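Visitor: Sequences listed follow chains A and B, in order. Counting from 1, one number per residue, gives the positions in the first sequence under this note's numbering. Counting from 1, one number per residue, gives the positions in the second sequence under this note's numbering.
No false leads were mixed into what you were given.
Copies of the same chain look alike in the list, so a pair counts if it fits in one copy or across any two.
Dumping the calculated SDA-like pairs for lysine to any residue here, alpha-carbon to alpha-carbon at most 20 Å:
| # | residue 1 | residue 2 |
| --- | --- | --- |
| 1 | Lys258 | Gly172 |
| 2 | Lys171 | Met253 |
| 3 | Lys258 | Pro141 |
| 4 | Lys353 | Tyr314 |
| 5 | Lys171 | Pro254 |
| 6 | Lys56 | Val82 |
| 7 | Lys250 | Pro141 |
| 8 | Lys336 | Arg91 |
| 9 | Lys171 | Arg160 |
| 10 | Lys250 | Leu155 |
| 11 | Lys258 | Ala139 |
| 12 | Lys258 | Val140 |
| 13 | Lys353 | Pro321 |
| 14 | Lys41 | Pro224 |
| 15 | Lys77 | Gln38 |
| 16 | Lys115 | Arg160 |
| 17 | Lys41 | Arg225 |
| 18 | Lys258 | Arg159 |
| 19 | Lys258 | Ala245 |
| 20 | Lys212 | Tyr169 |
| 21 | Lys175 | Ile259 |
| 22 | Lys171 | Val256 |
| 23 | Lys175 | Thr255 |
| 24 | Lys346 | Tyr314 |
In short, the hints are calculated from the structure, not lab data. On a predicted model such as this, the values are computed, not experimentally measured, just so you know.
2 protein chains.
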Amino acid sequence: MKTSRNISPFLLSGAILISMGAVAQMPARTLMPNDTLQSPKVLADKRVMIQIYAPKAEEVSVGGDFPVGNQPLKLAKNDLGVWSIILGPLRPDYYTYILSLDGVRTIDPKNPIIKQGTGSLENIMALPGPETAFEDNRAVPHGEVREVWYPSATLGMQRRMHVYTPPGYEKGTGKYPVFYLLHGAGDEDSGWNTVGRAGFILDNLLAAGKAKPMIVVMPNGSMPRPSQTGTPTAQPMNRARDLFANELLKDIMPTVEKIYRTLPTPESRAIAGLSMGGFQTLDVTLSHPELFTYVGIFSSGFFGASAEEAETKYANVLNDPSFNKGKKLFWISIGKDDFVMESNRKTLALLDKHQIKYQYKETTGGHTWVNWRQYLNEYAPLLFK
Amino acid sequence: MKTSRNISPFLLSGAILISMGAVAQMPARTLMPNDTLQSPKVLADKRVMIQIYAPKAEEVSVGGDFPVGNQPLKLAKNDLGVWSIILGPLRPDYYTYILSLDGVRTIDPKNPIIKQGTGSLENIMALPGPETAFEDNRAVPHGEVREVWYPSATLGMQRRMHVYTPPGYEKGTGKYPVFYLLHGAGDEDSGWNTVGRAGFILDNLLAAGKAKPMIVVMPNGSMPRPSQTGTPTAQPMNRARDLFANELLKDIMPTVEKIYRTLPTPESRAIAGLSMGGFQTLDVTLSHPELFTYVGIFSSGFFGASAEEAETKYANVLNDPSFNKGKKLFWISIGKDDFVMESNRKTLALLDKHQIKYQYKETTGGHTWVNWRQYLNEYAPLLFK
Numbered sequence: 001m002k003t004s005r006n007i008s009p010f011l012l013s014g015a016i017l018i019s020m021g022a023v024a025q026m027p028a029r030t031l032m033p034n035d036t037l038q039s040p041k042v043l044a045d046k047r048v049m050i051q052i053y054a055p056k057a058e059e060v061s062v063g064g065d066f067p068v069g070n071q072p073l074k075l076a077k078n079d080l081g082v083w084s085i086i087l088g089p090l091r092p093d094y095y096t097y098i099l100s101l102d103g104v105r106t107i108d109p110k111n112p113i114i115k116q117g118t119g120s121l122e123n124i125m126a127l128p129g130p131e132t133a134f135e136d137n138r139a140v141p142h143g144e145v146r147e148v149w150y151p152s153a154t155l156g157m158q159r160r161m162h163v164y165t166p167p168g169y170e171k172g173t174g175k176y177p178v179f180y181l182l183h184g185a186g187d188e189d190s191g192w193n194t195v196g197r198a199g200f201i202l203d204n205l206l207a208a209g210k211a212k213p214m215i216v217v218m219p220n221g222s223m224p225r226p227s228q229t230g231t232p233t234a235q236p237m238n239r240a241r242d243l244f245a246n247e248l249l250k251d252i253m254p255t256v257e258k259i260y261r262t263l264p265t266p267e268s269r270a271i272a273g274l275s276m277g278g279f280q281t282l283d284v285t286l287s288h289p290e291l292f293t294y295v296g297i298f299s300s301g302f303f304g305a306s307a308e309e310a311e312t313k314y315a316n317v318l319n320d321p322s323f324n325k326g327k328k329l330f331w332i333s334i335g336k337d338d339f340v341m342e343s344n345r346k347t348l349a350l351l352d353k354h355q356i357k358y359q360y361k362e363t364t365g366g367h368t369w370v371n372w373r374q375y376l377n378e379y380a381p382l383l384f385k
Numbered sequence: 001m002k003t004s005r006n007i008s009p010f011l012l013s014g015a016i017l018i019s020m021g022a023v024a025q026m027p028a029r030t031l032m033p034n035d036t037l038q039s040p041k042v043l044a045d046k047r048v049m050i051q052i053y054a055p056k057a058e059e060v061s062v063g064g065d066f067p068v069g070n071q072p073l074k075l076a077k078n079d080l081g082v083w084s085i086i087l088g089p090l091r092p093d094y095y096t097y098i099l100s101l102d103g104v105r106t107i108d109p110k111n112p113i114i115k116q117g118t119g120s121l122e123n124i125m126a127l128p129g130p131e132t133a134f135e136d137n138r139a140v141p142h143g144e145v146r147e148v149w150y151p152s153a154t155l156g157m158q159r160r161m162h163v164y165t166p167p168g169y170e171k172g173t174g175k176y177p178v179f180y181l182l183h184g185a186g187d188e189d190s191g192w193n194t195v196g197r198a199g200f201i202l203d204n205l206l207a208a209g210k211a212k213p214m215i216v217v218m219p220n221g222s223m224p225r226p227s228q229t230g231t232p233t234a235q236p237m238n239r240a241r242d243l244f245a246n247e248l249l250k251d252i253m254p255t256v257e258k259i260y261r262t263l264p265t266p267e268s269r270a271i272a273g274l275s276m277g278g279f280q281t282l283d284v285t286l287s288h289p290e291l292f293t294y295v296g297i298f299s300s301g302f303f304g305a306s307a308e309e310a311e312t313k314y315a316n317v318l319n320d321p322s323f324n325k326g327k328k329l330f331w332i333s334i335g336k337d338d339f340v341m342e343s344n345r346k347t348l349a350l351l352d353k354h355q356i357k358y359q360y361k362e363t364t365g366g367h368t369w370v371n372w373r374q375y376l377n378e379y380a381p382l383l384f385k
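All chains should be built: construct the whole structure from the sequences, respecting the hints.
Guide: What follows is the structure, given as structure tokens:
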């Protein structure tokens with residue numbers, strides 16, 4: 001029984017062929033223009049070129065979280081069938097992008113650095129510069145990031161979380177505070193550690209003495225859909241919100257506090273989330289104000305109908321004058337062009353109405369990882385002080 | 001400064017739109033045929049359908065490690081612009097596949113489960129059945145898989161490895177044997193834990209009492225290219241081989257034995273590798289026979305010119321009659337249709353000539369992860385007994 005892998009160059013990219021160059025059995029083939037194509041290619045003056053070989057395509061475009069307009073940008077084709085576009089100058093950072101070939105969403109086949117979510121797949125490109133020092137993989141002591149599977153009684157299935165333990169944890173004996181860090185919709189527990197670069201951001205903060213050593217728990221906040229038939233069915237947001245709160249309180253937190261050397265007190269617990277994760281954070285904070293002393297809301301708020309029901313649902317806590325005393329930090333940030341700004345404003349108004357204190361920071365930009373990495377870098381140093 | 005993420009559906013797949021359904025600010029749009037498309041779709045009778053919406057494409061094909069011939073298979077297009085193919089019946093397993101649209105290598109945009117390598121990106125599909133029980137994510141105690149960054153003196157850079165610690169390691173105090181498990185060319189340290197399913201295979205073996213608890217170290221065996229310009233340059237295999245041996249002996253093993261509770265003796269050390277990793281395993285074993293008591297070679301051998309030079313390079317060890325006494329296991333396996341069979345045969349002949357003892361198993365199939373997962377499942381129970 002032969003397989004296509006045996007002899008076909010189909011699955012073997014140029015890089016593999018070259019790595020395996022000394023394997024005499026591989027059939028030789030002539031190098032094609034595509035074999036030496038590089039994408040993305042960092043150019044001078046903070047510009048970057050994206051290229052794809054697609055001689056038969058009629059239209060190729062690229063979208064991403066780089067700040068260059070609201071619409072996908074069209075690539076131009078050369079005589080060899082290579083489409084390209086030069087982006088920039090851009091502020092040095094890590095940007096996500098996705099290509100579209102004649103309307104089909106496509107990963108850049110030359111760039112193996114990708115971001116994987118439950119419903120998305122995007123390439124990542126790095127534009128180097130001093131601005132990225134806080135999120136780069138530098139020659140500092142590194143914590144470990146662990147993939148941890150646990151049985152969820154709430155969901156009746158095996159679930160995964162990513163857990164960052166700081167440098168020195170493995171050989172040490174001390175106990176650590178715990179920071180629960182939540183992702184957004186369409187993502188899963190790996191997001192903060194891949195495109196979010198949370199491990200490197202924490203490593204760099206710790207190496208500079210800017211943050212306290214802590215365990216960072218990155219759970220999977222995307223709840224399974226009611227139907228697993230594969231046909232997308234509307235996921236009622238309130239059902240997902242309640243499921244996640246149960247999962248966090250009854251499965252994730254007990255598992256973490258059982259396995260790791262944690263300081264299991266409110267003063268040693270922080271939480272923050274972006275977008276859907278910020279909504280989950282608000283829900284948990286206003287339902288269980290006794291659990292977390294540090295709270296962060298990134299690019300979020302009570303979305304849609306939940307803004308109206310929040311005042312009723314959380315009335316007890318919103319009207320409790322002791323709420324502020326139980327919080328050392330209630331930190332809210334958003335980009336001024338974020339498409340959820342209206343939800344954010346309604347949420348701030350609700351908090352103001354009930355005299356709940358918070359720190360608010362409005363930055364440039366929109367609903368992007370560029371902002372969320374910056375927010376993590378500002379928020380983490382404020383914890384457990 | 002607005003970003004394309006703010007309003008464009010370009011980066012927002014159907015799944016995200018639905019997850020965020022209650023975000024009132026998202027512009028509504030009519031569902032397209034592509035929005036409800038499911039791929040891969042498991043059908044009855046061990047068949048699976050792969051689909052992609054590409055109305056303008058002229059030819060769409062799929063290749064993979066499913067055993068259905070040597071050439072990419074062509075998909076057929078329907079009136080809605082959806083291309084599809086039904087594969088099977090196939091033996092239940094996890095298969096990798098990759099699509100080609102008019103010659104452009106493309107990831108299935110409907111399937112977020114991917115395998116990431118240094119030079120490859122492939123989708124993974126699961127065809128469920130009792131045959132996959134050994135590699136499934138089951139309701140058994142799970143070990144942790146850790147991403148560990150360390151400074152490599154050999155390579156002068158930060159390097160990453162994946163480390164599996166068995167259930168009970170985190171709360172325990174005992175010391176464990178260590179199994180170094182190496183990937184193939186074009187891959188990196190995540191490969192054995194994603195498409196290779198090493199964590200789940202070990203979890204299942206341990207739960208069944210079929211293997212000894214052990215730490216499994218999965219290093220990055222792909223050496224940096226001499227030129228980092230992005231232009232592929234031939235990587236002399238011997239240089240990469242020597243670099244890796246240095247990296248393993250001087251950086252990886254000391255780091256592992258420093259961080260984890262290991263039994264740092266030859267009797268408590270095993271090594272195995274697939275393809276390029278098998279070649280690296282042969283090199284380390286015949287250069288440093290004192291290090292590992294258990295050795296596994298999966299779908300490999302001395303490749304190309306290295307087969308001729310092996311007899312000279314390793315003469316001291318090949319001619320040392322005490323070599324066999326230092327090994328409790330020298331396990332070699334390969335599929336009978338593997339394209340590196342010639343290298344394997346030459347290697348066996350060399351070992352035979354020098355009366356080096358080994359166990360040899362020839363299976364069906366070729367140079368595929370289908371085989372390598374099976375080999376791991378057979379090899380790991382033989383260790384540390």
